[in-house]
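**Q** Following the hints, position chain F against chain X.
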Amino acid sequence: MAWLPGAPALALAAMALAWWFGSAPERLSAAAISALLVAETGLGHMSAAPWLYLGLHGLAFAALLVIAVTANRFYPMVMAAGELIALVSHALVVAHPPPGNAAYGLLIGMAKHVAVTALCIGLLAHARRTTLTGRYPDWRADQRRNS
Amino acid sequence: MFDRLTEKQREVLAMVAENRTSKEIARALAISESAVVHRIESIRRLAHGAPRPELARLWRNHVAALSAKGQTCKPLTGQSSHIPEIATPTDSPDVDRPPAGDATVSVPASGSLLHSTDRSSIVPAALGGPQGTLLRVAMILLMAATMLLIVLSAITIAENLANLRRDGMDRRVAAPVESRHRTHR
Chain X
1 MAWLPGAPAL ALAAMALAWW FGSAPERLSA AAISALLVAE TGLGHMSAAP
51 WLYLGLHGLA FAALLVIAVT ANRFYPMVMA AGELIALVSH ALVVAHPPPG
101 NAAYGLLIGM AKHVAVTALC IGLLAHARRT TLTGRYPDWR ADQRRNS
Chain F
1 MFDRLTEKQR EVLAMVAENR TSKEIARALA ISESAVVHRI ESIRRLAHGA
51 PRPELARLWR NHVAALSAKG QTCKPLTGQS SHIPEIATPT DSPDVDRPPA
101 GDATVSVPAS GSLLHSTDRS SIVPAALGGP QGTLLRVAMI LLMAATMLLI
151 VLSAITIAEN LANLRRDGMD RRVAAPVESR HRTHR
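Here the protein sequences line up with chains X and F, keeping their order.
Counting from 1, position 62 in the first sequence corresponds to residue 62 in the numbering used here; the numbering is continuous, with no gaps.
Counting from 1, position 138 in the second sequence corresponds to residue 138 in the numbering used here; the numbering is continuous, with no gaps.
Bear in mind the hints are in silico, worked out from the structure with no lab data behind them.
Values in this document were obtained by computation on a predicted structure and should not be read as measured data.
Backbone N, C-alpha and C define an ideal beta-carbon position, used for all residues, glycine too.
Footprint (simulated), chain F over chain X, 3 or more residues, beta carbon under 8 Å:
{"#": "1", "stretch": "61 to 71"}
{"#": "2", "stretch": "76 to 85"}
{"#": "3", "stretch": "125 to 136"}
Restraint-style ranges between C-beta atoms, simulated for each label pair:
{"#": "4", "chain 1": "X", "residue 1": "Leu124", "chain 2": "F", "residue 2": "Arg172", "range": "48 to 54 Å"}
{"#": "5", "chain 1": "X", "residue 1": "Ile121", "chain 2": "F", "residue 2": "Thr21", "range": "27 to 33 Å"}
{"#": "6", "chain 1": "F", "residue 1": "Thr21", "chain 2": "X", "residue 2": "Ala127", "range": "26 to 32 Å"}
Same shape as in the complex, but just chain F:
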């Protein structure tokens, strides 16, 4: 899939893989935010509509696979390939930034809890780490509790609706009897 990407699309995708926002990418490449979004949408179409985090994960896997094979990622050429460091309030320590002027794409060495450190892992890093078993069991219990709550709420609602309907029918049956009593009196 990545072989079919244009240089500009690769440039944007590399920055998406660094967890940069569209605004940050637009500022770094000196283009409009809508152009960035347009390029990302083109890539998404090629990737059968994969969401942005999935694209980032795929690109990182691709780069890691190339590194493992001893190849380097196709260097980005031209002035726009120089990606300056952006100091924004959204910067977090768990997102690695490439060094300034580094035109090749680097694979982040560490990941957050939500982004797996093992590139081949498709579950969040926390579920694959040393506490993974415990967390997975906790997750199963939490999901079971949520499902139970939903079903029990549905049952309660259905029961109340049935009671309301029954009350309405009782009242309809009782009304003609009452009116007959009144006319007799």
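Extracted from the complex, chain X is given alone in its bound form:
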């Protein structure tokens, strides 16, 4: 599924804001999503095999899962959930190639929209908390103790 109107601009703005104003989880999430989008666009130009997309989304899901499990944030969990749907959809495409089914495209394209929306909301919440209370921990308390 292609981007919705205005979504690429929003995605670029979110990535830039995450990098400049975000803390470690925001930067890592934005980096994972940016890398995924760039690689996906590259693969699209090369008309690559479906299993390459599967591998790419697998890597992105693994990265987002690690962030979601360790960060002192809620939105990476939403991003990981969206990416999981994209991963499962790609796995289905590899297992049973669909005959031009638009539903697969919708499920796969949904992940990037969910990720960008979650990142934007997460960034806003982070900015608000930082304004009100100052800096707060980036990672879970038990992770902080272990590290």
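**A** Here is chain F on its own, set in the frame of chain X:
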């Protein structure tokens, strides 16, 4: 932000941080419930519209930070600072009440599953505890399932609407042909 609060607003906010309802606060301070709501709304405006649980969390963080620095929270003065214990049916064991007559604000020692025990944690306590990893993964699966259900429902609805439209168009095309057959007969 808390430096800009009036004494009355601090008094109300301290009780909001103890998870008391507006009614309970009004009864404790011997003022009307609308006055309590008005004070909370004033505080919310100063906090850029933060919701009530967020205000409570911010106040607890503020008090904890002051305690860590070795300062005490500005004591509440006057008769209204004496906060009596209220025995209500909504009392729950996981919400700590300050001792009667204690004019300073105490930080609850324990929290419920929904209110984090770690004051600096912004996710619910359950997601940061020993089972946190498992619960977070379960949460991700649950959210993915919910999103999938929503998208699949939308696809089904769109498909049915498209079928209905197609049937309607077929009928419209078939109707003139049928009438022509009837006139021939």
